[in-house]
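Chain B: place on chain A using the hints.
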Amino acid sequence: DAKTTQPPSMDCAEGRAANLPCNHSTISGNEYVYWYRQIHSQGPQYIIHGLKNNETNEMASLIITEDRKSSTLILPHATLRDTAVYYCIVYNQAGTALIFGKGTTLSVSS
Amino acid sequence: DTAVSQTPKYLVTQMGNDKSIKCEQNLGHDTMYWYKQDSKKFLKIMFSYNNKELIINETVPNRFSPKSPDKAHLNLHINSLELGDSAVYFCASSQDLGGRELFFGEGSRLTVL
Numbered sequence: 001d002a003k004t005t006q007p008p009s010m011d012c013a014e015g016r017a018a019n020l021p022c023n024h025s026t027i028s029g030n031e032y033v034y035w036y037r038q039i040h041s042q043g044p045q046y047i048i049h050g051l052k053n054n055e056t057n058e059m060a061s062l063i064i065t066e067d068r069k070s071s072t073l074i075l076p077h078a079t080l081r082d083t084a085v086y087y088c089i090v091y092n093q094a095g096t097a098l099i100f101g102k103g104t105t106l107s108v109s110s
Numbered sequence: 001d002t003a004v005s006q007t008p009k010y011l012v013t014q015m016g017n018d019k020s021i022k023c024e025q026n027l028g029h030d031t032m033y034w035y036k037q038d039s040k041k042f043l044k045i046m047f048s049y050n051n052k053e054l055i056i057n058e059t060v061p062n063r064f065s066p067k068s069p070d071k072a073h074l075n076l077h078i079n080s081l082e083l084g085d086s087a088v089y090f091c092a093s094s095q096d097l098g099g100r101e102l103f104f105g106e107g108s109r110l111t112v113l
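Top to bottom, those sequences are chains A and B.
Using the numbering used here, the first residue of the first sequence is number 1, and each one after it goes up by one.
Using the numbering used here, the first residue of the second sequence is number 1, and each one after it goes up by one.
Chain A with its partners taken away, still in its complex shape:
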């Protein structure tokens, strides 16, 4: 079972920042937070991951709270092509496979 809670849907205006929250209150000390997204009918795409420090790459930023019980994925300037289902996944490196939850459907509109 997924160990995360995400809102089922969010809207964002094109050009604005999209902030997608994720609660993972039962996260263990050695578990990472991963984010993937799935654009309609395509295979899921890796976005970013982190353990406890904030992370940034060319796609997004990941902000993890100090107690690690929640995180936020930030798309700084959302475009229409960012419309997708975003999955927040908690994972232990010694585990066997990623477990996907229901995710958040982000709709970006002009």
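Keep in mind that the hints were calculated from the coordinates and are not lab data.
Quick reminder that beta carbons are idealized off the backbone N, C-alpha and C, glycines included.
Treat each hint with caution, since some may be false.
What the hints assert, rightly or not - Among the chain A residues that face chain B by a calculated CB cut under 10 angstroms, a handful are:
| id | residue |
| --- | --- |
| 1 | Tyr36 |
| 2 | Pro44 |
| 3 | Val85 |
| 4 | Phe100 |
Here is chain B on its own, set in the frame of chain A:
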């Protein structure tokens, strides 16, 4: 070149038939996976292979048999297809068992009539 490629992309068949979906990755990864995405859009792990060895078999019916001839290929054969097998099947690969940056294929949509 597509990193993870699956064939066929679409498959329509009758109940009771046997079909296969092929997957190839050119990333040099050691680990490959099959995921199933049903009509409700839930993505569920089915199998994982590491260097041609089965690692995960998540309570999938025996009618599903994965085969890995080498670490670049993981094929999925399904016997006696049922209506409930209709779904999109995604193949994925990662550097190794601990790697969680998965690279997914574009999916194979199976429709059983």
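Identify whether the interface hint at valine 85 of chain A stands, where standing means a beta carbon of chain B within less than 10 angstroms of its own. holds, 7 angstroms
Do the numbers back the hint for phenylalanine 100 of chain A, that is, is its least Cβ distance to chain B under 10 angstroms? holds, 4 angstroms
Residue hint proline 44 of chain A, partner chain B, criterion CB-CB below 10 angstroms: holds, 5 angstroms
Would the hint on tyrosine 36 of chain A be counted as holding, given a Cβ-Cβ threshold of 10 angstroms to chain B? Since the shortest Cβ distance to chain B is 8 angstroms, the answer is holds.
Checked against the numbered hints given earlier, this structure breaks none of them.
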